[in-house]
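Since the structure of chain P is provided, determine the placement of chains Y, H and D on it from the hints.
Protein chains: 4
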Amino acid sequence: METVRVGLVGAGFMGKIHTLAYRNAAMLFGSAIPVVDPVVVADFDPVLADRAVRDWGWSRTAATWQEVTAADDVDVIDICTPNDTHVAIALDALEHGKHVLCEKPLALDAHDAHRLCEAARSTDRLTQVGFVYRQWPAVVMARRLIDEGAIGDVRTARARFLLDYNSDPDVAMSWRFDRARAGSGALGDIGSHCIDLLQYLVGPISEVTARMQTFVDRRRRVDGAVADVTVDDQTEILAHFESGASGTILASWAATGHKCDLGFELIGSRGSVRFGWEQSNELQFYDGDDPADRLGFRTILLGPTHPGADDIHTVAGQGLGYNDAFVIAARNTLRDLAAGTTGSIPTFVDGLRVAEVVDAVIEAAAGGSVVPVTRRAL
Amino acid sequence: METVRVGLVGAGFMGKIHTLAYRNAAMLFGSAIPVVDPVVVADFDPVLADRAVRDWGWSRTAATWQEVTAADDVDVIDICTPNDTHVAIALDALEHGKHVLCEKPLALDAHDAHRLCEAARSTDRLTQVGFVYRQWPAVVMARRLIDEGAIGDVRTARARFLLDYNSDPDVAMSWRFDRARAGSGALGDIGSHCIDLLQYLVGPISEVTARMQTFVDRRRRVDGAVADVTVDDQTEILAHFESGASGTILASWAATGHKCDLGFELIGSRGSVRFGWEQSNELQFYDGDDPADRLGFRTILLGPTHPGADDIHTVAGQGLGYNDAFVIAARNTLRDLAAGTTGSIPTFVDGLRVAEVVDAVIEAAAGGSVVPVTRRAL
Amino acid sequence: METVRVGLVGAGFMGKIHTLAYRNAAMLFGSAIPVVDPVVVADFDPVLADRAVRDWGWSRTAATWQEVTAADDVDVIDICTPNDTHVAIALDALEHGKHVLCEKPLALDAHDAHRLCEAARSTDRLTQVGFVYRQWPAVVMARRLIDEGAIGDVRTARARFLLDYNSDPDVAMSWRFDRARAGSGALGDIGSHCIDLLQYLVGPISEVTARMQTFVDRRRRVDGAVADVTVDDQTEILAHFESGASGTILASWAATGHKCDLGFELIGSRGSVRFGWEQSNELQFYDGDDPADRLGFRTILLGPTHPGADDIHTVAGQGLGYNDAFVIAARNTLRDLAAGTTGSIPTFVDGLRVAEVVDAVIEAAAGGSVVPVTRRAL
Amino acid sequence: METVRVGLVGAGFMGKIHTLAYRNAAMLFGSAIPVVDPVVVADFDPVLADRAVRDWGWSRTAATWQEVTAADDVDVIDICTPNDTHVAIALDALEHGKHVLCEKPLALDAHDAHRLCEAARSTDRLTQVGFVYRQWPAVVMARRLIDEGAIGDVRTARARFLLDYNSDPDVAMSWRFDRARAGSGALGDIGSHCIDLLQYLVGPISEVTARMQTFVDRRRRVDGAVADVTVDDQTEILAHFESGASGTILASWAATGHKCDLGFELIGSRGSVRFGWEQSNELQFYDGDDPADRLGFRTILLGPTHPGADDIHTVAGQGLGYNDAFVIAARNTLRDLAAGTTGSIPTFVDGLRVAEVVDAVIEAAAGGSVVPVTRRAL
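Residue numbers (the numbering used here), protein chains in the order written: chain P, 417 to 794; chain Y, 417 to 794; chain H, 417 to 794; chain D, 417 to 794.
FYI, nobody ran anything at the bench for these hints, they're computed from the structure.
Heads up, a few of these hints could be off.
[Said to hold, decoys possible] A short, non-exhaustive set of chain H residues, derived as facing chain Y with CB atoms under 7 Å:
no.	residue
1	Asp709
2	Gly712
3	Arg714
4	Thr715
5	Ile716
6	Thr721
Glycine included, each C-beta is placed from N, C-alpha and C at the ideal position.
Isolated chain P (complex conformation) (with noise of 0.2 Å):
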C-alpha cells in the first residue's frame, strides 16, 4: 500500500488536527510512509466541511457520512465526530471493508465498544482507536525500561488528567454534559487517556472503586435555558491490576489551576518512572541500581535517542508539542497499514478494555464497593 485514501467524517477540531498530522507526517516520514490522499470529507456543517476542501486539501465533500462509508475511492475512515455518533459510523465503513481510525471513546460503553470489536474480528482490516498519548515518546520510553526490567515489578501507579476549564460555572452547557450523548463527563473524556495509559503500561486493570463528583449542577444553554449536568466533573478510582500492582486515577476538568495536567507515575521494586504533559519532553526515572550516593530521579529530555520520535528530534529537549503528538499517531498508522499489522497503535479492542473499566467505575461509584471489571471474550 503505497498510497493511503482517507475519508474524513466530522471537519471540527478533531479533523483539523488529523489532517494537520496527514500533511506534516508525508513531509517528515516521506518514502518511510505511505503517502496520504485526502479523498472526502463530511460533516453535520456542510460549512465545516467546504473548509476543509478551500482550506485543507481535501478533494470533495459527501453530503452524508454514509457517502463517505461507502466511498469506493476510500481504504480509510477517520472518525472524528461527538461520541455517540462512532458506533454507526464504525460498524457502517467495517461493512464497507475500510480500514477504521475512531477518536476515543470508541463508544458509549463496553457493549457497543465490544460489537465494534466483534465486527471488526470478522474482518482483516486495521482498527485504531485516538489514544494519542501512549504513542507519546516519553510513555514510549516509559514502557522501554518497564519492558527491560529497569524499574523491575510496578507495585504503585498514579495516573492524573487535570484541567480547569469547566471549573467556571459560566461555561455552557453541551453535549458533553449530557450523559445519554457522552456517556460520562471527564472520566470518559479523559480519565480514559489515563485508564489506557496504565493499562498500556502495567497491563489489564481487574477491579475498582470510585467517587465520581459534579460541581457544577446546573448549566446554562447558550439558548439561555438552564439544565442539569448529568455527568461528572471529577472522577476518583482506586483500581487493582491483574499484576497485583494497584493504584490511583484522578480525572477532573474542574481541576483550578490544572491547564492540561496528564500524568503519571509507576513506582517499581526496582525504580520508578513518572511523567507529566506539562512538562512533555521530559521523562522522570529513578534507577534504583545507581551507586548508593547517586541515587535520584534523572529527568530525561527527549529526542533521537529515545523510541516513538527518534525519526522527528534532531537534538534532545528541541520540544514536541500537542500537534507533533498526532503526527506520530499518523505516522504509527500509515506504517501499520503498509505492514499490515497493528504493531504500534491501539486497536478496537484497546477502546474496549478502556470501555469495560469505565463501566466498571460508574457501577462502583454508584455502588460503594469493589467492582471486579468484566472483560468480554473476543
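Same frame as chain P, now just chains Y, H and D:
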C-alpha cells in the same frame, strides 16, 4: 508558668529530637516562652537514659517510666516510646495530674485513643500529640489561605507520604512490621500524618474506601529467624469529607525513589495550594483571581512574613529543616502551656480523630466497600 | 496580497522546517493570512531540490539560486543556505525586487550585514532574519510584561544557550568549525539568539567584555584528515545596555548535560521574568506588588490568553514545540507581507544589530578589555 | 582536647547562630567531638552580652573584647563582629595564643587578610573563616564527584548569590552600605561565598573582568539624614581559573524575586553538577557515562550516604536548614581542634584567597579590563 519541668519517657531517636527542640526553643525565643527544665528521663534501655543525662542535659534518670509520671517535680510528661506503650503511660501521667505530650500515633486504635481523651477531658491538663507537620510554616500558611477564602471551597484533596526505606527486603523484622505492636504499618506510621494534615486543612473525613498492600511479607529478625510481616507496606485511600470534598491518600514506605515525600494538594473553586516536604520551604499557590494572562502557580518561599515561623526566619528562603519542625512544635507547646490554652497544637482529640479514620480504613480495606468513619462523642 | 509566491534556496534541514511551517500556517490560520504558493526551490545538492518537489510540494526546481532570485513568478526569496552564502543571495534577491527572508546569522560580520541593510533600505521590500525565538509566545508575553511596566526597570539581564552536541571530540570537522565560513562558533550560531532576545527585551547593548574558549581544538574530517577548529566552543559575555542595565550571556555547544537550554532572566526593580526553552511552554513571572505573604515566581502556562499564539492554543499547557516556532514565524511573515509592514518580525536591521554586538564580542575577547558596540547609521 | 573553652566576641544575630550550633553539635555528635564550654562573651552593646549569658548559656560577660582575647581560661576566640573589626580582634587573639574562628569576610582587603595569615603562620593555632556553604552536604558531595572524576575536567563554572532584601530603597543606611566599613557591598557580603565555593571546587581564579552597579545610591539613615551608598548592589564577574576553566559570578542583594538564591553549576567534559540553596537538600548531577537513552540530570536528595552530614541524617530528604549549616561547621571545627589539623574547615588562607579575588574584581570593575589576581606568598 515561667518554667516548665519536663519528664521524658523514651530516650531514643525521637527523645533526642525533642530534647534538641527544647534547648533550641529556649535560645531562639528567649523570654517569649517559658524556660524548660529537663528534670528526669527514663528508657526501657538504661544506657539510653544515662546518655540523655550525660550528653543531653537531663538532670537525672528514673528506673521506670512510672517514676517519671509520678515525679512531684515534673509538670509535663513527654512520651517518645514505641506505639503500644503510649496509652498506659499517658493515662498514668494524666492520673498524676501532668500535662502530656505523646508522639504519634496516640494509640493503636480509636478505642484506646478515646479512653485517653476521656481521661484528659476530666482534667484541665494540656495534651498534645506529635503531629509536627501541621505546625510547619508552609502548612500554617496553607491554612491561612484557606481560612481567608483564597482558594474558595476545597473540592479535591490529595495527600501522600512516600518513602522507600522499607523497599529493601533485607530490612530486618522489627516491632514496626508487627500488627500487634504497631497497629498498622505505613498507614499508622506515616499515613496518619496525611490524615491529620487533611483533617486540619479540609475538616473531618466522613467515609473511606481503601486498599492495603504488603510487598515484602516475610522478613528476617536480627536473631536470624524469619517472621511474617503483618502490617501494610502501602495503603491507598479514597476519602470523602463532611464538607463535600473528596480526595485520595497514598502512604507507602516502599515507594522506590521517594525519600521523604510528604505532600498534599488542595484544589478549590477559586484557587489551589500544594506542598511537598522535599521542598519544605516552599508553598505553591494558584490564585484564580489573578489577571487572565498571569495565572499560574506561584512558588512562595517561606520567611518572616509567614505564620508559624515568622519569629525564626530572618530572610525568606534561608531554609528550615526537620529539626526545626520540632523546635516550632516545642515553641507552640510551651506557648500554650504558658497561656493555659491549646490554641496552636494538635491535642489528644486530634489524635483520636486520626485514629477513627485509621480504623475505618482498615475495615474498608478488609471489606472492599465504603466505610463511614465512626466518630466518638466527647 | 492574497497569495505569496515563494522561492526557496536551500532544501536541507532548515528548508524542510520552513516548508512545513508554510503548509501548517495555511491550514491553521486559513483566510487570516495569505496563501503560500511554493513555486521554486534550488539547492547546491540537486538531490535535495528534487526531494523538495517530490515530497514537500514545491512546484519546480531551479538549477541555481540565481534562477530563483530572478524568477518572475516569485514574490519572496527564503534563504536557508550555509552562513557564508547569505549575503550574495540576499543582495541579488533585493536587486530583483524580492522580499527576502534569511536564516540567521544574516552575515558573517556587521560590515556585510550593513551592506544588506543599505541595500534593503533603498527598496520597500520586507526583510526578515530568522530569529524565531523572539516570536515565541512566552517571549512575546515577557515583552508585554516589560512594556506594561510589570517588572519596572530592568536592572539585570542573563541569557544562555547551552547545548552539548559538540562536547564529543568525535563530532566531525565541518564548515561550522571553520571561522572563514562560519564567522564564529557557538557565539554566532546560538549566542546570536541570546543577543537578539536581550536586545528585543532590554534594548541595545552598548559595550561588552568577553571570553571565548575552544575545548576541542582539532577535529577529524569525514575524509579522515585532521583540521584545526578555528571557532569558539563557548563564549561568555559581560554586557552593558544603553538603558543602564547590565548582564551576562553564556553560549556553548559543549555544555555537557544541556540539551537545548536557551533561556533568560530579566530582573527588574518591581518584578522579574524568566524563561527556559526546555520548559518552553512556561513563563515565570515574579510580581513585586503581590501581597507580602504571597510573593513568589508564578509559572504561567502559555495558552489562548497570551500574545503570540493566542490563535493556535485551545487550552493553556497543551504544548507547542520546535516546529510550531516556525509556524508562528511564518504566520507573522505572511501577516506582515499582507499588511505591507514589519510590525511583528525581526528584520535585517535586527540582524545587523546582533552582528554589531558579535563583532564587539570577538574584539573584546581578543583584547581583554571593554569594547563599545559600534552602531552603524541607517 | 576533650573540652574546648570558647570566648565569643559579638552577641548579635551571628553570635546567636554560633551559640546554637555549639549546643546542637554537642548533643548531635556526643563523644565524637569535644565538649564546648561557653566561657565568656563580649559585645559592643552590653545588653546583648548580658542576654547571651541569661538566655544562651554563656558563663560570664567581659566588658571589652580585649578581655576575651586575653582570658586565660579560653582556648578559642569566635569573632562575630562587624567586618571592620575582624583584623584587630583576630590579631590580638593570635598573639594571646588562641585558636581563632572569624566570620567572613576575614578582612576588608587582601592586604589585611595577608597580615592575619602571616600572624597565624607563625603559630600552630587553628584558624577558620566562616564559609559555611562549602561545608554543606550537597557541596561536599559535589566536591567528591569532582575528585572522583565523575564530571571530568571542569570547563565552565557559574555561581550566583541573589537576594532582594536591599531592592527596597527604604531600607535604612547602615555600615553595610559604607565602603569604609564594609569594604564592598554585595561583592564582599555574598559574592565572597561564590568565590570561595568556586575556588574550593574548581581551584584558584587567575584573572577577572567585572562590572559593579549601585541601584539605590542614596539611603536615609535611621536618624533621618540621607547618605551616599558607596558600595555595589550588584557585581558581575567573568573569571578565569588556573585550571583553564572559565566562568561567571553574579552577586546581588537587589535581585527582585530572589530570596536566598545561592547556587552554582559546574559543567565538565564528562558530566555536570549544580546546586541551589533554595533547594538546599538537593544536588543535581549529570553523568555523561549513563546509557544514551537514560542521560539526564538526576536530583540527588542528600542523606546518610553523603559526605558532610552522614552523621546527621537518618533518611535522605528529611531536610537540613540554615541553622544546621552552622552545626555542621561547628562539628568540623571541633573535630579539627581535637585532631590538631585543619582537614575539613576553611582557614584564614582561604579567606585570603577570596580577598585577593575581591581586590582584583574591584580593580577590574574600575578599569574595564582584565585584571590578574595577585597571589601573596605564605
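Structure-based check of each hint:
no.: 1; hint: Asp709; result: holds (5 Å)
no.: 2; hint: Gly712; result: holds (4 Å)
no.: 3; hint: Arg714; result: holds (4 Å)
no.: 4; hint: Thr715; result: holds (5 Å)
no.: 5; hint: Ile716; result: holds (4 Å)
no.: 6; hint: Thr721; result: holds (5 Å)
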